[in-house]
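Engineer: Residue numbers (the working numbering), protein chains in the order written: chain A, 915 to 1363; chain B, 29 to 320; chain C, 86 to 549.
Worth flagging that the hints you see were computed from the coordinates, not collected in a lab. Built from N, CA and C at the ideal position, the CB exists for glycine as well. Accuracy of the hints is not assured; some may be wrong.
A few chain C positions that, by computed beta-carbon distances, are all more than 12 Å from chain A [to be verified]:
{"hint": "1", "residue": "PHE321"}
{"hint": "2", "residue": "LEU330"}
{"hint": "3", "residue": "PHE474"}
No farther apart than 30 Å at their CA atoms in a straight line, the calculated lysine-lysine pairs in the BS3-like style are these [unchecked claim]:
{"hint": "4", "chain 1": "B", "residue 1": "LYS41", "chain 2": "C", "residue 2": "LYS347"}
{"hint": "5", "chain 1": "C", "residue 1": "LYS106", "chain 2": "C", "residue 2": "LYS116"}
{"hint": "6", "chain 1": "B", "residue 1": "LYS89", "chain 2": "A", "residue 2": "LYS1127"}
{"hint": "7", "chain 1": "A", "residue 1": "LYS1341", "chain 2": "C", "residue 2": "LYS384"}
{"hint": "8", "chain 1": "B", "residue 1": "LYS233", "chain 2": "C", "residue 2": "LYS246"}
{"hint": "9", "chain 1": "B", "residue 1": "LYS89", "chain 2": "C", "residue 2": "LYS384"}
{"hint": "10", "chain 1": "A", "residue 1": "LYS1214", "chain 2": "C", "residue 2": "LYS384"}
{"hint": "11", "chain 1": "B", "residue 1": "LYS89", "chain 2": "A", "residue 2": "LYS1106"}
{"hint": "12", "chain 1": "C", "residue 1": "LYS347", "chain 2": "B", "residue 2": "LYS233"}
{"hint": "13", "chain 1": "A", "residue 1": "LYS1214", "chain 2": "A", "residue 2": "LYS1127"}
{"hint": "14", "chain 1": "C", "residue 1": "LYS177", "chain 2": "B", "residue 2": "LYS170"}
{"hint": "15", "chain 1": "C", "residue 1": "LYS224", "chain 2": "C", "residue 2": "LYS246"}
{"hint": "16", "chain 1": "C", "residue 1": "LYS106", "chain 2": "B", "residue 2": "LYS141"}
{"hint": "17", "chain 1": "C", "residue 1": "LYS344", "chain 2": "B", "residue 2": "LYS39"}
{"hint": "18", "chain 1": "C", "residue 1": "LYS233", "chain 2": "C", "residue 2": "LYS246"}
{"hint": "19", "chain 1": "C", "residue 1": "LYS224", "chain 2": "C", "residue 2": "LYS121"}
{"hint": "20", "chain 1": "B", "residue 1": "LYS41", "chain 2": "C", "residue 2": "LYS346"}
What follows is the residue order along each chain.
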Amino acid sequence: MKKKILAVLLATAMVGTMAGCGSEEVASTATDAAQTVADTADTAADTAAQAADAVADAVADAVDTTVDYGTGEIKVWVAEAVVDFTKEKIDTFMAAHPEFSGYTYVVEAVGEGDAAGNMITDVTAGADIFGFPQDQLARLVVAGALETVAPENVDAVRTQNDAGAVGAATVGDELYAYPVTSDNGYFLYYDKSVISDPSTLEGIMEQAEAAGKNVYFEINSGWYNTAFFFGTGCKLDYSIDSTGAFSGSDITYASDAGVVALREMIDLAASPSFQNGSSVSNATNVAAIVDGTWDSTAAKDLFGDNYACAKLPTFTGSDGKTYQLSGFGGFKLLGVKPQDDENKLAVCDALALYLSSEEVQQARYEAVGWGPSNLNVQASAAVKSDEALSALAEQLAFTIPQGQYPGDYWSLATGLGDDVITGVLNKDSSDDDLMAALQAFTDACAAAK
Amino acid sequence: MAKNTSTSSMKQKRAVGNAIAYLVLIAISIVWLFPFVGLVLQSFRSYATEYGGMVEYFIPKQFSLDNYKFILSGESNYLLWYRNTVIIAIFVSLFQTIIVLCVSYALSRMRFKGRTFLMRFWLILGMFPGFLAMICLYFLLKALGLTQAGAVPGLILVGIASSGMGYYVCKGYFDTIPKSLDEAARIDGASRARIFFTMTLPMSKPIIIYTALVAFMAPWCDYVFASYVAFGHDTSYNVAVGLTRWVWTNDYQGFFTRFCAGGVLVAIPVVILFMCLQRYYVEGVTGGAVKG
Amino acid sequence: MAAENNKNKSGAAAAFSGIGKNIAEIGTTFKEGDWKTRVSYLIMGFGPICRGAFLRGFMYLFCQAGIISWIAMYGWKYLSKLNTLGTVETAKVGRKTVYGDDSFLILLFGLLSLILVIALIALWRMNIAENRKEEEILKAGKKLPGNKRDFLSLFDSNFDKTLLALPVLGIFVFTVLPIIFMICVAFTNYDATHQSPSKLFTWVGLDNFKELLSFGPNGFGSTFVSVLLWTLVWAFFATFLDYFLGMAVAILINKKGIKFKKMWRTILVMTIAVPQFVSLLYLMKMFAKDGLINTYLMKWGWIQEAIPFWTNPMLARITIIVINIWIGIPYLMLIATGLLMNIPEDLYESAKIDGATPWQMFRHITLPYMLFVTGPYLLTQYTGNLNNFNVIFLLTQGGPKSMALAGGAGRTDLLVTWLYKITLNDTNYKMAAVIGIMVFIVTAVISLVVYNMLPSVKDEEGFQ
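Here chain A stands alone, though its shape is the one from the complex:
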């Protein structure tokens, strides 16, 4: 009896191993053959995505018979707010693409900032597709955590999204990510009952002070305080080479214009109504807050009937001239991580393209109010009439598309902002003091590349 069992076990084991080898061989030849077909198939799939769903299904069915994509799990990291939305859309995608049926997916809530950090820490354990703010792009490319956009998708991405978004997803000449939103900019939410005229910063502060309410502006963030520096005409540019490494910089903060901007920040920070912050739910007793579209629901909840938004105000500088607050126009992107399996990469590419497509951007706007980067969706009536988005659009006319900045820039800018808030730089500082601080800032930023 024992012997018999042993024999059976042995036999199965041997068959198992043989089958193992066999299938592997078959699989590898299959992939070889498939590779040649893959390109055409993918382009077919992409054009299909743009066409009506019914057609897409038909094409997809046709593709199904020629390419075996194998099996696997695709992990997606997106912000908490769109987890359910993303799941729903991936279901739709999977249903439309039976050729990818071997793949399962999992969507996890990882905020965009965290996602980039995690991807850099351990790319192998990171998500296959992840959302991130565009300022992380160079860092991700340098760390080898981003795959370039599939060649067959490049044209579609470039033509369908606004130029700023495409530029933001590009390092060197390579397109590295799929733009999802063009709303990563900031503008002013305010309480109509407190602030009647949001057109000048001085006016806003005066009205808020009179009402004993707070105005939030996160001036210790390198993202928000460009509003002042860009507003007075300062430049902050880094050039990067094709590997994502920084190769040079052009920073003109240490100038008369920079001093005007810095002095305005100091004046603002000196107001009793000023609060440093940009999160609606962490703000109390709010008259106005400089924030982005992602907080529009929270802002509506907070202000209720008095909810209003506008572009950022103008201010009168220490030199007597009037400047419009500027800032960054930024974008949220969807990245695909490098894969050691081409089939999986193809599936990820197709999925990322879909999740950044016109159809999904439209739906995402409707679901959570994220401003689209897709030109057609931007032109749609609903988006155009959105209060927050139109305030943003108005503001975007004065902003500078966000480029790539080294990590040190952000912490230096926080240092500069904190020096203003803590009073290291204050109203009594002479222009020379301010110039010296800005010179130090510029030097450190230039050295950071």
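Position chains B and C against the provided structure of chain A, taking the given hints into account.
Structural biologist: Chains B and C alone, transformed into the frame defined by chain A:
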């Protein structure tokens, strides 16, 4: 007569002294309880009418159970985080106690080659900041498949693995148990193991409870390493990771009162347990402080 | 096994001087030993097995087989690249990414293999000594201890080995190995631009230490000094303020005539029981510029402008220390309550008769006693506070930052919180490792110096 006045003035003095002492104690109590009262009040603030963000007033305008309903319903993974934390805390507490007892007994009662070296070596190891090892631990756990989905057993493993180094207090306690008892038992032919299990352990109830209590409380606060090991895997978070994200990440607007409610629910069992076992805790810290 | 390894390390210091003696003994054992002993030079434990000591013999054999097969199958591919930390770069084949050498894993598992090799050599040496011992016993005409006795000794004379095996192994894998690893990282260029597995990193010698001590405009030097100073100051205040105030509260509660002693203690102890991430995060919000405290103070007209608890560097530091008192007093109160009761009452009685004031009694009886007894505790508290991560991290995250500080450090950053930021935000592991080593040096030096000054160490019998 003279004596009488002096005692009455003494009494008066004492009464005044006591009154001041009471005032100071009441002031201290207010300062100490204020944040907790605030936390509890905020957790009962109505989400529907007052939103869940920060507010500038102390007492909510309208009380409701909105926040508790939210965290106890399936809308967030709070219950899962809570379960993870309880599991981690129980296992860490159990095994850590066992390990600490073993190490302490060996170091207190046995004399073997390398004993002083081992104690000195561990003392020196303890001076390295823990974060240094964090990334390395992460990859070790990853090699064992104990990150992300497996973060809970991973955290248990890490929590237990190095617990031997925390033997000081327990060894100090064992040192106070007279050695003559051991020696008498050994003359009667009892083995070391027998002495350990049948004599030393039954006499060590306070220190066992102290060790278990301290070990049980630690995982509730573990934010840094726990979030690192979970690596974005929402269902593997513990309460500390899950709840701090509600406060720190901008993705969660209006979660402040929910954080308060979650915090209250975390505090309740720990506080109750602590209050019940406070006596042992005092014995432990006092002993530990004396013996270093 | 790790236990043995550790012990051998302890032996290593002594063995190092007598290394020649060891080699001589290995030689003579071989020359004088029988064939079983000689075979044991190749197959560990062969001698004991042949002589019937299966338990010992097989232990050696299993260890040898285990270590050798692990290194052959797994460890060698890392160990062999340990000198360069990998040379094969990650490459692209079409759209596919083919990962090259993973410097991180090479360093980690290379070190593990290296340690295992050392352990194997140590075991081999023990195996030879074992053979010699057995031969000598047999030569003397005695019998070898039986397997059963060997086994039972694990619960009696060798009970320490049973008790310590697992804890020592755990500490080795999860504490010693990571620390050795990070010490090594301090000598590599492992940072954001050399991130495995996509990029290789390699040995760079002392470059990182030079960077830490570079005092140029962008160097880490001045930041390091400033953070270090604050760390020392913080630990001093956090330890001693808590200590004296805690003692004062304990004396207050212990005062004769005070009722509800238990209730007062229970109220204070709440801060120990409530997890810090809950209470400290709430306090952080409470003290914010737009938080409860400022709002109410302004509403009541006590202040005109909000107090910048967190945004003024000096005030932020003070606020942190004050909040830490809130956390620390209860611990000290508990400890002091227990200890105060141990002071013989007659000391106070006689002092009273001599007309001592309460302050004099405190100054000459209570304080010396407390300081003497809690000296070692104060020291551990101090070193603990040097590395007190939670309080700083949950309250200010090290902020406010300043242009004057490099590496993202803030005005309230301790070395550990700075280390944490450098690790997580900048993934600048090499500098984190260097700072970590500095933290160790600071902690170790302070501990060593203070420990030898402690009265309870100098005079062990003093108060007992």
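Engineer: Evaluate each hint against the coordinates.
Structural biologist: Right, here's what the structure says about each hint:
1. PHE321: Label holds. Min Cβ-Cβ 23 Å, cutoff 12 Å.
2. LEU330: At roughly 28 Å from the nearest Cβ of chain A, LEU330(C) sits farther out than 12 Å, so the non-interface label holds.
3. PHE474: Holds, because the least Cβ-Cβ distance between PHE474(C) and chain A comes to about 19 Å, which exceeds 12 Å.
4. LYS41(B) - LYS347(C): At roughly 24 Å apart (the allowed maximum being 30 Å), LYS347(C) and LYS41(B) satisfy the hint.
5. LYS106(C) - LYS116(C): 15 Å, holds
6. LYS89(B) - LYS1127(A): 19 Å, holds
7. LYS1341(A) - LYS384(C): Holds, at about 27 Å.
8. LYS233(B) - LYS246(C): At roughly 24 Å apart (the allowed maximum being 30 Å), LYS246(C) and LYS233(B) satisfy the hint.
9. LYS89(B) - LYS384(C): Roughly 17 Å between the alpha carbons, so the hint for LYS89(B) and LYS384(C) holds.
10. LYS1214(A) - LYS384(C): Cα-Cα ~26 Å, so holds.
11. LYS89(B) - LYS1106(A): At roughly 23 Å apart (the allowed maximum being 30 Å), LYS1106(A) and LYS89(B) satisfy the hint.
12. LYS347(C) - LYS233(B): Given that 30 Å is the threshold and the Cα spacing comes to 23 Å, the pair holds.
13. LYS1214(A) - LYS1127(A): Holds, at roughly 18 Å.
14. LYS177(C) - LYS170(B): OK: LYS177(C) and LYS170(B) at ~25 Å, within 30 Å.
15. LYS224(C) - LYS246(C): 29 Å, holds
16. LYS106(C) - LYS141(B): Within the cut-off at roughly 20 Å; holds.
17. LYS344(C) - LYS39(B): Holds. LYS344(C) to LYS39(B) sits at ~16 Å (cutoff 30 Å).
18. LYS233(C) - LYS246(C): 17 Å, holds
19. LYS224(C) - LYS121(C): It holds: about 14 Å lies between the C-alpha atoms, which stays within 30 Å.
20. LYS41(B) - LYS346(C): Holds, at roughly 21 Å.
Checked against the numbered hints listed earlier, the structure breaks none of them; every hint is satisfied.
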